[in-house]
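**Student:** Counted from 1, the sequence shown has number 446 at position 446 by the numbering used here; the numbering is strictly sequential.
Check before you lean on any hint, since a few could be wrong.
For lysine-lysine, the following DSS-like pairs were computed, each having C-alpha atoms within a straight-line distance of at most 30 Å [as the list claims (entries may be wrong)]: (1) K341 to K148; (2) K118 to K28; (3) K43 to K106; (4) K309 to K283; (5) K138 to K439; (6) K128 to K28; (7) K86 to K106; (8) K240 to K446; (9) K207 to K43; (10) K211 to K183; (11) K51 to K118; (12) K86 to K138; (13) K51 to K138; (14) K422 to K28; (15) K118 to K446; (16) K260 to K309; (17) K28 to K148; (18) K51 to K28; (19) K211 to K148; (20) K422 to K341; (21) K112 to K211; (22) K43 to K128; (23) K125 to K138; (24) K211 to K128; (25) K341 to K309; (26) K86 to K118; (27) K51 to K32; (28) K240 to K439; (29) K183 to K240; (30) K283 to K240.
Just so you know, the hints here were simulated from the structure itself, not pulled from any lab data.
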Amino acid sequence: MSSTISKRILVTPVLGVGHVNACAGIAKPLLKNGHRVAFFLEKQFAGQLSKHGFEEIIYEIDYEPDDTAGTNNRTPGEQAAHFLLKNGILGNNDRFEQIERVLNTKWDSDSKKIQLDKHLRETIKTFKPDLFIVDDPKLQPAIYYSNKPWIKVISIAPLLYLYNIESLPPGWSGLSNSDLDRKQWPKYQKIVQNIFYRKDENDFIEKMGYKRYPNDLLMPPTEALTIYAYPEEYNYPEIKEYHPDWFNIEVFNKNESNEKIDLKEFLPKDFYENDLNGNWSGKWIYVSMGSMGSVDLNLMHRLIEVLSKTNHKYIVSKGPRHEEYELTGNLWGDRYLPQVKILPVVDLVITHGGNNSVTETFAQGKPMIIMSLFVDQHDNAQRLSETNFAKQINPYDFDDNDLINAIDQLLNDDQLRQRLSKASNRIRNSNKHSELCAKIEEILMKN
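Given only the sequences and the hints, what does the whole structure look like? Please build it.
**Tutor:** Following this line, the structure appears as C-alpha cells:
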C-alpha cells in the first residue's frame, strides 16, 4: 500500500483487446499502490479484468438489428474482425483507400452513442472518479465536462498523432522517413488530419446537450498527461522535440516477472518430440496475425502452405476461426495462446504488427517478420524495417521464397540478435512503470 491517499480511477478504453490490455498494464501499479481502479466495459469483456483485481463496471447496449458491431455471441476480437471485414477495411486494399474506409465507416450508431453517454454519466455519478484514463480516438463529453483530469493513452503506434509534424510521414500510410519522392505525402497528410477534426461528431455532441469541442476536435488535448509506448531504439526523436511532456512507457506489458512456459509441458507430446524426420532446425517460431488477421482464412491457408515447406516448428495463434482450418506436421496451434509467456522461449516471431505485439516482442529481444494488415500496423512494419530491427512482408503479395528467406536470414543474423538482446536488457531493467505510477499519483494528489 502506497503512502498516498487512495483515489478512484476510471479507465475507459475503446473496446478492443489490445487497448484494454494496454490500459491494464498502466493501471496495475496503481492498483498495487492501493487505489481503486475500475474499468468501464461492455458486457463482452465481463470477467476479463476482475481476475487481475480490477473493478469492472459493466454496461449493456441495446443494439439495433443492423448494427453488426453488436453481435453479442462473439468475443470482442471476433466482433471487431467481423466489423472490419464487413466494411472492406481488412484485405488486400490500397492503403489510402483503407484510410478512407476507416474515416467514412460509421463505427457507432446514434442509439449506441446516446446509451453509452447515459451509462457513463451514471457511472461517474456513482463511482465518483478522481481521474480518468482514456484510450480512445475520441473523448466522451461526459468525461470532458466532468471537471476531473483525464490521461490520454495512445496504445497504437504514435505516428498518427504526429500529423502536424511535416517532416514525418503520415500515420497509417506505411510511407518512410527516408522517402526521396514524397509526392504521395500531401494526400495522406490531408486525410489523416480529417480523422481528428470532425464536425459530424461535434454536431452529435451538441445534439446530446453538450457544448462542441474547440475547433470541432474529436479529442481535445489533455492538460494532465499523454502516454504512449514505443521503444527508444526505434522511437521518433521528433516526439521529444514537439511533445516533451509525453511519457513513453515503451511497452505496456513487459512481463516484469519474466513468466515463460515450458514448451515440453505446454505442447502436445507428439508435436514437441517430432524431429521432422531428422530435419528439424531446432528453431521455434511463434505466429500471430492477431484476432483480426486470423479471420482471413485465405491468408492463414497461404501462410500455412509456405511455412510447412520449412524445417522449423511453428506455434500458431489460430484465432476466432480456429475450427475452420487444420495445422499439421511442423505447425501446431490453438484458438488463444499465452503470448507474453511464449515470447521468451521462441527464436522468431511472425506478427501482424499490432503495437502491443511488436513492443512486447521487442522487449523480449526477438527478431520479427511484420506482415501488416491495416492502419498503425503499417507504421510499425515500416519503422522497424527502416531501423533494421525487423523485416516487413506484404501478407497479400509475396512469393514463397520471400518469406522462407526472410525467416532464415533473421534466424542467422547474429548482429541483429545482439542488438535486440541489448535493447531487451535495457527495457526489462528500466523502471518506466514505477515512474509513470508516481507521475499519475502526482496528478491525483493535485485534485
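**Student:** Compare the structure with each hint and give your call.
**Tutor:** For each hint, the structure was consulted:
{"no.": "1", "hint": "K341 to K148", "in the structure": "37 Å, violated"}
{"no.": "2", "hint": "K118 to K28", "in the structure": "28 Å, holds"}
{"no.": "3", "hint": "K43 to K106", "in the structure": "21 Å, holds"}
{"no.": "4", "hint": "K309 to K283", "in the structure": "14 Å, holds"}
{"no.": "5", "hint": "K138 to K439", "in the structure": "24 Å, holds"}
{"no.": "6", "hint": "K128 to K28", "in the structure": "20 Å, holds"}
{"no.": "7", "hint": "K86 to K106", "in the structure": "12 Å, holds"}
{"no.": "8", "hint": "K240 to K446", "in the structure": "25 Å, holds"}
{"no.": "9", "hint": "K207 to K43", "in the structure": "27 Å, holds"}
{"no.": "10", "hint": "K211 to K183", "in the structure": "39 Å, violated"}
{"no.": "11", "hint": "K51 to K118", "in the structure": "27 Å, holds"}
{"no.": "12", "hint": "K86 to K138", "in the structure": "22 Å, holds"}
{"no.": "13", "hint": "K51 to K138", "in the structure": "28 Å, holds"}
{"no.": "14", "hint": "K422 to K28", "in the structure": "26 Å, holds"}
{"no.": "15", "hint": "K118 to K446", "in the structure": "28 Å, holds"}
{"no.": "16", "hint": "K260 to K309", "in the structure": "28 Å, holds"}
{"no.": "17", "hint": "K28 to K148", "in the structure": "21 Å, holds"}
{"no.": "18", "hint": "K51 to K28", "in the structure": "12 Å, holds"}
{"no.": "19", "hint": "K211 to K148", "in the structure": "17 Å, holds"}
{"no.": "20", "hint": "K422 to K341", "in the structure": "20 Å, holds"}
{"no.": "21", "hint": "K112 to K211", "in the structure": "20 Å, holds"}
{"no.": "22", "hint": "K43 to K128", "in the structure": "21 Å, holds"}
{"no.": "23", "hint": "K125 to K138", "in the structure": "21 Å, holds"}
{"no.": "24", "hint": "K211 to K128", "in the structure": "22 Å, holds"}
{"no.": "25", "hint": "K341 to K309", "in the structure": "27 Å, holds"}
{"no.": "26", "hint": "K86 to K118", "in the structure": "28 Å, holds"}
{"no.": "27", "hint": "K51 to K32", "in the structure": "14 Å, holds"}
{"no.": "28", "hint": "K240 to K439", "in the structure": "17 Å, holds"}
{"no.": "29", "hint": "K183 to K240", "in the structure": "27 Å, holds"}
{"no.": "30", "hint": "K283 to K240", "in the structure": "39 Å, violated"}
Hints 1, 10, 30 from the earlier list are contradicted by this structure; the remaining hints agree with it.
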